[in-house]
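Colleague: One letter stands for each residue in the lines below.
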Amino acid sequence: MSLKNLVFIILISISFSCSKVDSDKTANNEIELLQKLNIEDINTNSAVYKKLKKDKSYGKEYVDFSYNFEQTSLFKRHLNTLGLMINPDNSEYIRRFSYSYKKAGEHEKAMKMLNLALKTDSDYSTHLKNLDYAAWNYLYFYRDYDNTIKTVNKILELTQNDLSISCHGESCLLLKGQALYRLEKYEEAIGIFNSYQQNEIEQGFDPQANFYVVFYKAICMSQLNQLDAAISKFSDLIKKHPSAEVSYQLAQLYYRKSDFESSKTQLLEAEKALAEGFTFKEPYFERFDKVFNYQIEDMKRKLDSSSNFEQ
Amino acid sequence: MKKFKLFLILNLGFISSCNFPGKDSDQDTLYVSAVTDLNTQEPFYQVMLQNSEGLYKYDFWEKDSTFTNLDISQLNKGDTLLFENKEQLIYLEPYTLHEDLIMFYNDSNLFSYIKTAKGQEIKRKDFIDKVKGGHYSTKISNIKTPNTAFEIEEIISFQNEKLNLRWDYFYSDELIYSEIESVTFELHEVENQLFIIPSTIVNPYSIYHLKHINKDKIELSYFTDFESKTKIYSKIQSKPLVSDALRYSLCNDHYQSMYYVGDDIRYSKGLDHLKTYLQNGMPDVSNEGYINLHFTINCRGEVGRFGLELLDENYLPTDFDPLVIKHIVDKVSNLKEWDNLDKISHRGAKDAKMFFLIKIKNHKLTEVCP
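Residue numbers (this note's numbering), protein chains in the order written: chain V, 1 to 311; chain D, 1 to 370.
Isolated chain V (complex conformation) (with noise of 0.2 angstroms):
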């Protein structure tokens, strides 16, 4: 064998032997994926399985079809694993998968769901909508801080630090301010949030729209002892967006000034608005702050105490 077909031998060999181990490795990562996605244990021995997993087109059908049914049942749960069982290539939809979990309260179930889209490759802005859904979630459903600020620094990072990117719905440095507070870094949390005002100035738009923002900066405000600053913004919000929340923070205010009339008036507000149902209203979470009737009662009975208070 002369030398040339010697090297031609074993550059082929190397070859198939390069793409078997490469063919090997995908198989098995396909494998992998499928393990973790067969959330509901479906069926694969199943015929009808094996005849759908020859076209992944079909993924995408019985996945969009478990839509049709409610997202937390059996039913819906059963089409939506054997679309992705099918077609497994989706992060986004993988994502999605996770909510069933998610609004039913299994969390193992909806954080390995998660997890999974989130290793999953995908293309940069599904990544990011991975990425903003999880921040969301460490901090509404888990009140996990650190992850929440996390996310939302490895989002600010992979967008160059976009300030106004947004969160499932919701700006993503509002939730980064909402973890910080709750972790008691109140100057931080207010640095956050004047960042995200002063990129909606320079974006030409009102800093003071976004209720929420304005709400925690200034009760980190108040948490830092800022007591007029804090009235200032509180009283200017409630001129826009009247709440229960904003009169209950303002009535404690003024109580902490000795201000018991103005602390009064805030309070009957605040009772007035929680009856008409100017509070804050989640479906899935409590957000913080939230105020209830027994809260007013409770402050009633301090100020009643404090200043012979009366309705």
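Keep in mind that the hints were calculated from the coordinates and are not lab data.
Built from N, CA and C at the ideal position, the CB exists for glycine as well.
Just to be clear, a hint being listed does not mean it is correct.
[Said to hold, decoys possible] From the derived model, a few chain D residues whose C-beta atoms are all more than 12 angstroms from chain V:
1. Val35
2. Asp37
3. Ile72
4. Thr145
5. Ala149
6. Leu278
7. His294
8. Asn314
9. Pro317
10. Pro322
11. Ser333
12. Lys353
[As the list claims (entries may be wrong)] When the alpha-carbon atoms are kept at most 27 angstroms apart in a straight line, the in silico DSS-like pairs for lysine-lysine are as follows:
13. D:Lys331 - V:Lys103
14. D:Lys269 - V:Lys103
15. V:Lys51 - D:Lys229
16. D:Lys326 - D:Lys364
17. D:Lys361 - V:Lys302
18. V:Lys150 - D:Lys361
19. V:Lys185 - D:Lys361
20. V:Lys103 - V:Lys239
21. D:Lys118 - D:Lys275
22. V:Lys281 - D:Lys269
23. D:Lys229 - V:Lys50
24. D:Lys125 - D:Lys239
25. D:Lys77 - V:Lys56
26. V:Lys185 - D:Lys125
27. D:Lys343 - V:Lys51
28. V:Lys53 - V:Lys36
29. D:Lys144 - V:Lys103
30. V:Lys54 - D:Lys77
31. D:Lys239 - D:Lys115
32. V:Lys51 - V:Lys154
33. V:Lys272 - D:Lys336
34. V:Lys53 - D:Lys115
35. V:Lys112 - D:Lys336
36. D:Lys275 - V:Lys302
37. D:Lys336 - V:Lys300
38. V:Lys103 - D:Lys350
39. V:Lys150 - D:Lys364
40. V:Lys281 - D:Lys343
Fit chain D to the known structure of chain V by using the hints.
Modeller: Here is chain D on its own, set in the frame of chain V:
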């Protein structure tokens, strides 16, 4: 077409019996009604038997049978089963991986059935004689709410026309909580197969098909999860009921709405108040993570049907001290103040499912979510 008739309807009210014409054969195929709503898994109460004559359908509530000479196994998408009583069922081509699930529709209603093996032939009287006074136990993975951490023992007994149900919830071998319920039940005998329907037409539970019974065991299949699932109960000595066992029932057993649907169901005083309430008397906690307690709130505002999931700070399964779990279950089971309870109506629900995700950090209960 060969005529058939309902052989016997007893006057006892809670019992019916029906045999179809034709010789009983091993080739006969039994289909038990599963659900009539894919979202709510609402059960309905029929059985169909395919034999050499054709397809017989018996309705447990109507106590009436009908017939068509068609064969289910030969149906194609869109074919119509036309029964003697003029009822029509249009065949839906299977599209799930539940191989024994067959689905039909008429008008806007869905009817699904599960193909299942015949069970032991037994007369209802013999069944009653066998189970009378006995207690039977099995382990179940969950009841109504998601559960990965509790071990749940279900104990049943049939006494004085009542099916008594008891659930003991264990964690780390410690009994955390017990719940009891008594419901009336109906026994239906169709082709020598015995079917048990707990509760009433107003609040019906899943149908059970008796697969096997002997002096030590009862095997019961149920069909509401789109496939036939079997519970195997072992006969046990009667266990004394724990003194604080809660008598609890759901106002609509087959479907509960979720806490976030429609007007949200919430603890009236909010999560901060709940945190303080749970912290009061809380034993020391040695590890970190989340105690996720699932439960139902019935139409009377009572809490029960618990489920438990325990996660570490990386959202992976972990363990907590059973004393901590007991403390939390005791506290939550006493909650009675809920907003919007009277507004639960989604898909006919009267009760709701909810969970509290309790965060433990630095050995303390720091948050209640969501």
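Colleague: Would you mind marking each hint as holding or not holding in the structure?
Modeller: Going through the hints against the structure:
Remark: the non-interface label on Val35 (chain D) conflicts with the geometry, its nearest Cβ contact in chain V lying 9 angstroms away (cut-off 12 angstroms). The non-interface label for Asp37 (chain D) is inconsistent with chain V: the shortest C-beta to C-beta separation is roughly 9 angstroms, within 12 angstroms. Residue-level check passed: Ile72 (chain D) sits 17 angstroms from the nearest beta carbon of chain V, beyond 12 angstroms. A Cβ of chain V approaches the Cβ of Thr145 (chain D) within 12 angstroms, the least distance being about 9 angstroms, so the stated non-interface status is violated.
The Cβ of Ala149 (chain D) does not lie farther than 12 angstroms from every Cβ of chain V; its closest approach is about 10 angstroms, which violates its non-interface assignment. At the 12 angstroms boundary, the C-beta of Leu278 (chain D) stays outside the reach of chain V, the nearest C-beta of that chain being 14 angstroms off. Residue placement check: His294 (chain D) does not keep its beta carbon more than 12 angstroms from all beta carbons of chain V (closest about 6 angstroms). Non-interface call for Asn314 (chain D) relative to chain V: violated, since the shortest CB-CB distance, roughly 8 angstroms, does not exceed 12 angstroms.
For Pro317 (chain D), the condition that its CB be more than 12 angstroms from all CB atoms of chain V is violated, with the nearest at approximately 6 angstroms. Its beta-carbon lying about 20 angstroms from the closest one in chain V, Pro322 (chain D) satisfies the requirement of being farther than 12 angstroms from that chain. The claim that Ser333 (chain D) is not at the interface with chain V holds, since no C-beta of that chain comes within 12 angstroms of its own (minimum 17 angstroms). Against the 12 angstroms criterion, Lys353 (chain D) falls within the reach of chain V, whose nearest CB is about 8 angstroms from its own CB.
Between Lys331 (chain D) and Lys103 (chain V), the direct Cα distance comes to roughly 23 angstroms. Compliance with the 27 angstroms bound is thereby established for this hinted pair. For the suggested pair Lys269 (chain D) and Lys103 (chain V), the alpha carbons sit about 21 angstroms apart, so the restraint of at most 27 angstroms is met. For the suggested pair Lys51 (chain V) and Lys229 (chain D), the alpha carbons sit about 26 angstroms apart, so the restraint of at most 27 angstroms is met. Of the supplied pair hints, the one linking Lys326 (chain D) and Lys364 (chain D) holds, its CA atoms being roughly 16 angstroms apart against a limit of 27 angstroms.
With a CA separation close to 31 angstroms, the supplied pair Lys361 (chain D) and Lys302 (chain V) exceeds the 27 angstroms bound. For a cut-off of 27 angstroms, the pair hint linking Lys150 (chain V) to Lys361 (chain D) stands: about 18 angstroms separates their Cα positions. This hinted pair checks out: Lys185 (chain V) and Lys361 (chain D) have alpha carbons roughly 18 angstroms apart, not beyond 27 angstroms. Using a Cα cut-off of 27 angstroms, the hinted pair Lys103 (chain V) and Lys239 (chain V) is violated, with the two alpha carbons roughly 35 angstroms apart.
Straight-line distance between C-alpha atoms of Lys118 (chain D) and Lys275 (chain D) comes to about 52 angstroms, which puts the hinted pair past the 27 angstroms bound. A C-alpha spacing of about 14 angstroms is found between Lys281 (chain V) and Lys269 (chain D), which places the hinted pair at or below 27 angstroms, so the restraint holds. Between the alpha carbons of Lys229 (chain D) and Lys50 (chain V) the distance comes to roughly 24 angstroms, so the proposed pair stays at or under 27 angstroms and holds. Proximity of Lys125 (chain D) to Lys239 (chain D) is assessed by CA-CA distance (about 26 angstroms); at most 27 angstroms being required, the pair is judged to hold.
At roughly 23 angstroms between alpha-carbon atoms, Lys77 (chain D) and Lys56 (chain V) fall within 27 angstroms of each other, so this suggested pair holds. Taking the CA atoms of Lys185 (chain V) and Lys125 (chain D), the gap is about 72 angstroms. The hint is violated against a cut of 27 angstroms. Restraint check for Lys343 (chain D) and Lys51 (chain V): the C-alpha separation of about 45 angstroms exceeds 27 angstroms, so the hint is violated. Under the criterion of a C-alpha separation no larger than 27 angstroms, the hint pairing Lys53 (chain V) with Lys36 (chain V) is consistent with the structure, at around 17 angstroms.
Using a Cα cut-off of 27 angstroms, the hinted pair Lys144 (chain D) and Lys103 (chain V) holds, with the two alpha carbons roughly 15 angstroms apart. Between Lys54 (chain V) and Lys77 (chain D), the direct Cα distance comes to roughly 22 angstroms. Compliance with the 27 angstroms bound is thereby established for this hinted pair. The suggested pairing of Lys239 (chain D) with Lys115 (chain D) is violated, with an alpha-carbon distance near 36 angstroms, which exceeds 27 angstroms. Taking the CA atoms of Lys51 (chain V) and Lys154 (chain V), the gap is near 41 angstroms; set against the 27 angstroms cutoff, the hint is violated.
At most 27 angstroms may separate the alpha-carbon atoms for a hinted pair to count; Lys272 (chain V) and Lys336 (chain D) meet this at roughly 25 angstroms. For the given pair, Lys53 (chain V) sits about 25 angstroms from Lys115 (chain D) by alpha-carbon distance, which is consistent with the 27 angstroms threshold. For the suggested pair Lys112 (chain V) and Lys336 (chain D), the alpha carbons sit about 33 angstroms apart, so the restraint of at most 27 angstroms is broken. Among the hinted pairs, Lys275 (chain D) with Lys302 (chain V) is consistent with the structure: their alpha-carbon atoms are about 22 angstroms apart, no more than 27 angstroms.
Distance check on the hinted pair: Lys336 (chain D) and Lys300 (chain V) sit about 24 angstroms apart at the alpha-carbon level, within 27 angstroms; holds. With a CA separation close to 19 angstroms, the supplied pair Lys103 (chain V) and Lys350 (chain D) stays within the 27 angstroms bound. Taking the CA atoms of Lys150 (chain V) and Lys364 (chain D), the gap is near 23 angstroms; set against the 27 angstroms cutoff, the hint holds. Simply put, Lys281 (chain V) and Lys343 (chain D) have alpha-carbon atoms about 16 angstroms apart, close enough for the 27 angstroms limit, and the pair holds.
Figure legend: structure checked against the earlier numbered hints; hints not met, in rising order: 1, 2, 4, 5, 7, 8, 9, 12, 17, 20, 21, 26, 27, 31, 32, 35.
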